[in-house]
Amino acid sequence: MNSARTATWNPFSGHELDPWNTDDVTEVPPWVSAIERYRPGQGRRHYRSVRSFHDETDFFPAKVFSAACSWLRRNHGRRYFLQVESFDVHEPFHVPEPYRSMWTPFVDDAFDCWPPYGDPVVEDAFFDTITLQELAFIRGQYLGKLTMTDRWFGHLLDTLDA
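Counting from 1, one number per residue, gives the positions in the sequence shown under the numbering used here.
None of these hints come from the bench; they were simulated from the model. Please note: incorrect hints may appear among the correct ones.
To be verified - Listed next, the in silico SDA-like pairs over lysine to any residue satisfying Cα-Cα at most 25 Å (straight line):
hint	residue 1	residue 2
1	63	73
2	63	98
3	63	80
4	63	50
5	63	91
6	63	18
7	63	16
8	63	44
9	63	158
10	63	156
11	63	155
12	63	162
13	63	101
14	63	90
15	63	76
16	63	12
17	63	8
18	63	96
19	63	21
20	63	45
21	63	89
22	63	13
23	63	28
24	63	51
25	63	29
26	63	161
27	63	142
28	63	77
29	63	75
30	63	146
31	63	97
Predicted model, so just to flag it, every value in this text is computed and none were measured.
Make the full structure from the sequences, and use the hints.
Structural data, given as structure tokens:
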């Protein structure tokens, strides 16, 4: 991840399937169970990392871009090269309110926010059983994550302009 040309790096672990949190998960919300239908084990693994997330500032776009803004404010008077890798917009499309319901009227805790891909048999099974409302929910979650990421990226641009 780091190279000889990079002085420092600041990782934010826990996105997607990062194995940084090994705490047991005994109970999961319905959206995690929905992921598990087509991604066995992956919903729980992801949930270990995000179960303490409550509001927007807990999510990765806010953490990454806030840290970049802070770094820019501390180093604005120096010559620098800053690379920001947010990884988002990326699945799972798990977002808090107001983004969760911003782009779709179909919000249900039992809907899947991480559609399967990469295995045609699993993909076919998923699309054979998904409802139009659940599909609209997934699209809405993607758009919600895009909107949330854009908002925090905007903070970075504002900081660069300051």
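Each hint, compared with the structure:
Our distance criterion of 25 Å between C-alpha atoms is met by residue 63 and residue 73, whose separation comes to about 15 Å. In summary, the hint linking residue 63 to residue 98 is supported, as the alpha carbons are separated by about 18 Å, within the 25 Å threshold. Among the hinted pairs, residue 63 with residue 80 is consistent with the structure: their alpha-carbon atoms are about 21 Å apart, no more than 25 Å. For the given pair, residue 63 sits about 13 Å from residue 50 by alpha-carbon distance, which is consistent with the 25 Å threshold.
Note on residue 63 and residue 91: the hinted pairing holds, with a Cα-Cα distance of about 17 Å set against a maximum of 25 Å. Straight-line distance between C-alpha atoms of residue 63 and residue 18 comes to about 16 Å, which keeps the hinted pair within the 25 Å bound. Straight-line distance between C-alpha atoms of residue 63 and residue 16 comes to about 15 Å, which keeps the hinted pair within the 25 Å bound. Simply put, residue 63 and residue 44 have alpha-carbon atoms about 22 Å apart, close enough for the 25 Å limit, and the pair holds.
Pair hint residue 63 plus residue 158 holds up; C-alpha atoms about 16 Å apart against a cutoff of 25 Å. Between residue 63 and residue 156 the CA atoms are separated by roughly 12 Å; this keeps the pair inside 25 Å, and the hint holds. This hinted pair checks out: residue 63 and residue 155 have alpha carbons roughly 12 Å apart, not beyond 25 Å. For the given pair, residue 63 sits about 20 Å from residue 162 by alpha-carbon distance, which is consistent with the 25 Å threshold.
Taken as a hint, the residue 63 and residue 101 pair is honoured in the structure, with Cα atoms around 22 Å apart against an allowance of 25 Å. With a CA separation close to 15 Å, the supplied pair residue 63 and residue 90 stays within the 25 Å bound. Proximity of residue 63 to residue 76 is assessed by CA-CA distance (about 20 Å); at most 25 Å being required, the pair is judged to hold. Between residue 63 and residue 12, the direct Cα distance comes to roughly 8 Å. Compliance with the 25 Å bound is thereby established for this hinted pair.
Between the alpha carbons of residue 63 and residue 8 the distance comes to roughly 17 Å, so the proposed pair stays at or under 25 Å and holds. A distance of roughly 14 Å separates the Cα atoms of residue 63 and residue 96; the hinted pair therefore holds under the 25 Å criterion. A hinted pair counts as satisfied when its Cα atoms are at most 25 Å apart, and residue 63 with residue 21 qualifies at roughly 17 Å. The suggested pairing of residue 63 with residue 45 holds, with an alpha-carbon distance near 20 Å, which does not exceed 25 Å.
With a CA separation close to 14 Å, the supplied pair residue 63 and residue 89 stays within the 25 Å bound. A distance of roughly 11 Å separates the Cα atoms of residue 63 and residue 13; the hinted pair therefore holds under the 25 Å criterion. Using a Cα cut-off of 25 Å, the hinted pair residue 63 and residue 28 holds, with the two alpha carbons roughly 24 Å apart. About 16 Å separates the Cα atoms of residue 63 and residue 51, which keeps this hinted pair within 25 Å; it holds.
As the CA atoms of residue 63 and residue 29 are separated by approximately 23 Å, the hinted pair is consistent with the 25 Å bound. A distance of roughly 20 Å separates the Cα atoms of residue 63 and residue 161; the hinted pair therefore holds under the 25 Å criterion. The suggested pairing of residue 63 with residue 142 holds, with an alpha-carbon distance near 19 Å, which does not exceed 25 Å. Distance hint between residue 63 and residue 77 is fulfilled; the C-alpha atoms sit about 23 Å from each other, no more than 25 Å.
At most 25 Å may separate the alpha-carbon atoms for a hinted pair to count; residue 63 and residue 75 meet this at roughly 18 Å. For the proposed pair residue 63 and residue 146, the alpha carbon gap of about 15 Å is at most 25 Å, so the pair holds. Note on residue 63 and residue 97: the hinted pairing holds, with a Cα-Cα distance of about 17 Å set against a maximum of 25 Å.
Figure legend: structure checked against the earlier numbered hints; every hint is met.
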